[in-house]
Amino acid sequence: MKTEVIGKMENQGMIAAVLIVGLVVGLGVGYMLPGLMTAPPEEPTDLLEVIQDRGYMVVGTSSGFYPFEMVNTTTDELYGFDIDLAEYVATELGVTIQWQDMDFGALVGACAAGTIDMIAAATFITPERNEQLLPSVWYLRANMVIVVKNDSVLTVSSYDDLDGLDVGVQTGTAEDFELLDHNDGGGTIDIQEYPYLDQMFLDLNNGLLDAVYVDEPVLGQYDQIYDIKIVYTVLAPPMAFYIAYDNPDFFEAVNNAMAKAFETGYIDELILEYFT
Amino acid sequence: MQELQEIIRWIEYIIVNGLPATLLLTALGLGIGLLFGLVLALARVYAPTGIQIMATLYERLFRSIPILVLMFVFAIGLPWVFAFAGVGTNAIFAAVAFSLGLRSSAYQSGIFRSAILSVSPGQLQAARSLGMSEMMANQQIVLPQAFRIAVPAWSNEYAVVIKDTSFALAVGVTEMNKLAFNLYTESPALMMFILVVLTLIYFCFTYPVTKYVGEYMSKRLKRLGLGGG
Chain A
0 MKTEVIGKME NQGMIAAVLI VGLVVGLGVG YMLPGLMTAP PEEPTDLLEV
50 IQDRGYMVVG TSSGFYPFEM VNTTTDELYG FDIDLAEYVA TELGVTIQWQ
100 DMDFGALVGA CAAGTIDMIA AATFITPERN EQLLPSVWYL RANMVIVVKN
150 DSVLTVSSYD DLDGLDVGVQ TGTAEDFELL DHNDGGGTID IQEYPYLDQM
200 FLDLNNGLLD AVYVDEPVLG QYDQIYDIKI VYTVLAPPMA FYIAYDNPDF
250 FEAVNNAMAK AFETGYIDEL ILEYFT
Chain B
0 MQELQEIIRW IEYIIVNGLP ATLLLTALGL GIGLLFGLVL ALARVYAPTG
50 IQIMATLYER LFRSIPILVL MFVFAIGLPW VFAFAGVGTN AIFAAVAFSL
100 GLRSSAYQSG IFRSAILSVS PGQLQAARSL GMSEMMANQQ IVLPQAFRIA
150 VPAWSNEYAV VIKDTSFALA VGVTEMNKLA FNLYTESPAL MMFILVVLTL
200 IYFCFTYPVT KYVGEYMSKR LKRLGLGGG
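Residue numbers (numbering that gives the first Met the number 0), protein chains in the order written: chain A, 0 to 275; chain B, 0 to 228.
Treat the hints loosely; a few may be bogus.
[Unchecked claim] Listed below are several chain B residues computed to face chain A (Cβ distance under 8 Å; list not exhaustive):
id : residue
1  : A74
2  : I75
3  : P78
4  : W79
5  : A84
6  : Q138
7  : S154
8  : N155
9  : F180
10 : Y183
11 : M190
[To be verified] These stretches of chain A come out as covered by chain B in the derived footprint (C-beta under 8 Å, 3 or more residues):
id : stretch
12 : 29-36
13 : 59-69
14 : 88-100
15 : 197-208
16 : 238-252
FYI, nobody ran anything at the bench for these hints, they're computed from the structure.
All values reported here derive from a predicted model rather than from experimental measurement.
For glycine and all other residues, C-beta sits at the position ideal for the given N, C-alpha and C.
Please build the complete structure, drawing on both the sequences and the hints.
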C-alpha cells in the first residue's frame, strides 16, 4: 500500500511549511547579503549633504554627566549645556537631532564607523582621539580634579602620590588616559574603570576607592550628596564636538555655527544658566 | 505617602517609556532565534554530515561570543548593514534585535535538537513497522512530539532573552534598564531602591510566563505520556 503519495493533504501541509520557512530565510538572507558583501560605501557626497537630505542629524552623547547632558525623568528629555549647544548647531544647519544615549567609551568607535554623525558629550581634545576623529572649535575649558572623602588625609602633588592606591576613573575619559600613561611610565596606580559615575562615587563613599579622578563640573551635583573634597586640580584640555574625517563641508558648517554661538553671546548665556 | 508616590512615579516612568522597546526587542530576538534555531536543529539531526558540521560550528561560535561584543559589532561597527531601517535609532534597534536573535538561535538549536532526540526510538520503529517511510514517520510522529517537549525549555529561553535586552543600553537603545539608570543618576542616594523596583518589574514579566508555560506544560506532557516515556 503506497502511503507516500505527495498529493495527500497531511504531507502538503508539512512541505508547505518547510517551503515557507525556507522562503522567508532566503528572503531575509537575500535582502541582507548585498549589504554585507559590499564594502562600506564610499560617500561621494559630503556628510553635510547626506544629513540635510535626511532631515536629521544623529548625535551621540552619554547622559548622567552634570551639567552637560542629563535626563529629566519627568518629561523623559535630555537637557544640559551640550544638548542646548548641539541643538543650536543643528538649527543653524537646518536639521533636527536624533539623540543616541550610549556608553561614553562607545562614542568614539560609533562616530568613526558612521553610526552617529557627531559626538556631543563634553569630550576633551586629546591626541588619541584626534587620530580617529576631527574636533570642532572648542567651546569650554574645565578642570580635572582628584577627589577624596572629607575625612581622608591624602595629599597629592603629582601622580606619584597615587601609586599603590585604588583610583576610580570613568572609562574612556581623558583622566583614564592620563593615569594609564603614568602607569606605562612606571607608575603603580590601581586604576578602577567605571562606565558610570554614580557607581564610582558610591564606591568612594563606601571606602572601596581611595580617590577618584573626574572633571570638576560633575562635583556640582555630587558634593551635595557626598562629603568630599578636592586635593588636586589641573587644567583640562578643552572640550569640543567630534566629527569624522573627510567631511570638509560638514566641518566648516559646524564651526561656522559655533563661531556664531560665540559671537551672539549664546555660549555666555549657557554658562550663566548651567554653571551658577 | 510621599515615598509611595515617588515609587509609583518610578514604575510609571520605567514602564511607559521602556516596556514597548524591551518587549519588541524580546519578540524580535526570539522570533529570529526561532527561525534560525529550527532550521539549524533540523539540519543537525537530519542533514548529511557536511551540513551537520557547519551547523554545529555555527552553534559553537555563537554560544561563545558574549552578547555585548555581538551588539557592539553590529550596532556600532557595521552601521551600513542595518541602514535600511533608517539611519540612527532604527538602525541601532535593528542591529540589537539581530544580535539577540543570533545568540538565541544558537541556544534554541540545542533545545530543539535535544527535544527531537529525546522522542523515544520506539515511536520511530513502530511507525516504520506500520509501513511509513522515514520522512513521513519523522514528520507525522517524531516532530509533533518533539515540539511539545521543547516548549518548557523554550520558555526558559524567553526568560534569558528578556534579560539580555538590558545590554542594549550600552549601545544607545532606550529600554527599561537605561531608564532606571536615568532615575538614579538624578537621585544617586536612592540607587538601591530603584534597582529593587527594576528587578520587580523584570520579575513580573518573567515569572508568570515561565511558571505557566514551564510547569503547566510539564504536567500536561506527563499526563499525555510524552517526554521520555
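Now the hints, each set against the structure:
Hint status for A74 (chain B): holds, given a least beta-carbon distance of 7 Å to chain A, under 8 Å. Checking I75 (chain B) against chain A by beta carbon gives a least distance of about 5 Å; that is within 8 Å, so the hint holds. Interface restraint check for P78 (chain B): the shortest CB-CB distance to chain A comes to about 4 Å, inside 8 Å, so the restraint holds. Taken as an interface hint, W79 (chain B) checks out: its beta carbon lies about 5 Å from the nearest beta carbon of chain A, inside 8 Å.
Interface restraint check: A84 (chain B) against chain A, minimum CB-CB distance 11 Å, threshold 8 Å, status violated. Restraint check, Q138 (chain B) versus chain A: the minimum CB separation of about 5 Å is within 8 Å; hint holds. Using the Cβ-Cβ criterion of 8 Å, the hint placing S154 (chain B) at the interface with chain A is not satisfied: the shortest such distance is roughly 22 Å. Checking N155 (chain B) against chain A: minimum C-beta separation of about 23 Å lies over 8 Å; hint violated.
A distance limit of 8 Å between C-beta atoms decides the matter here; for F180 (chain B) the minimum to chain A is near 7 Å, and the interface restraint holds. Annotation: interface hint on Y183 (chain B) holds; nearest CB of chain A at approximately 6 Å, less than 8 Å. Hint on M190 (chain B) holds. Least Cβ distance to chain A is approximately 6 Å, under the 8 Å limit. Given a C-beta distance limit of less than 8 Å, the hint that chain B covers the stretch 29-36 of chain A holds, as 4 residues qualify and 3 suffice.
For a cut-off of 8 Å, the count of residues in the stretch 59-69 of chain A with a CB near a CB of chain B stands at 4, and the three-residue condition holds. Counting residues of the stretch 88-100 of chain A whose CB falls under 8 Å from any CB of chain B gives 3; the rule of at least 3 is met. Note: the stretch 197-208 of chain A has 3 residues with beta-carbon separation from chain B under 8 Å; the three-residue rule is met and the coverage holds. Counting residues of the stretch 238-252 of chain A whose CB lies closer than 8 Å to any CB of chain B gives 0, which falls below the minimum of 3, so the coverage claim is violated.
In summary, the structure is inconsistent with hints 5, 7, 8, 16 from the numbered list given earlier, while agreeing with the others.
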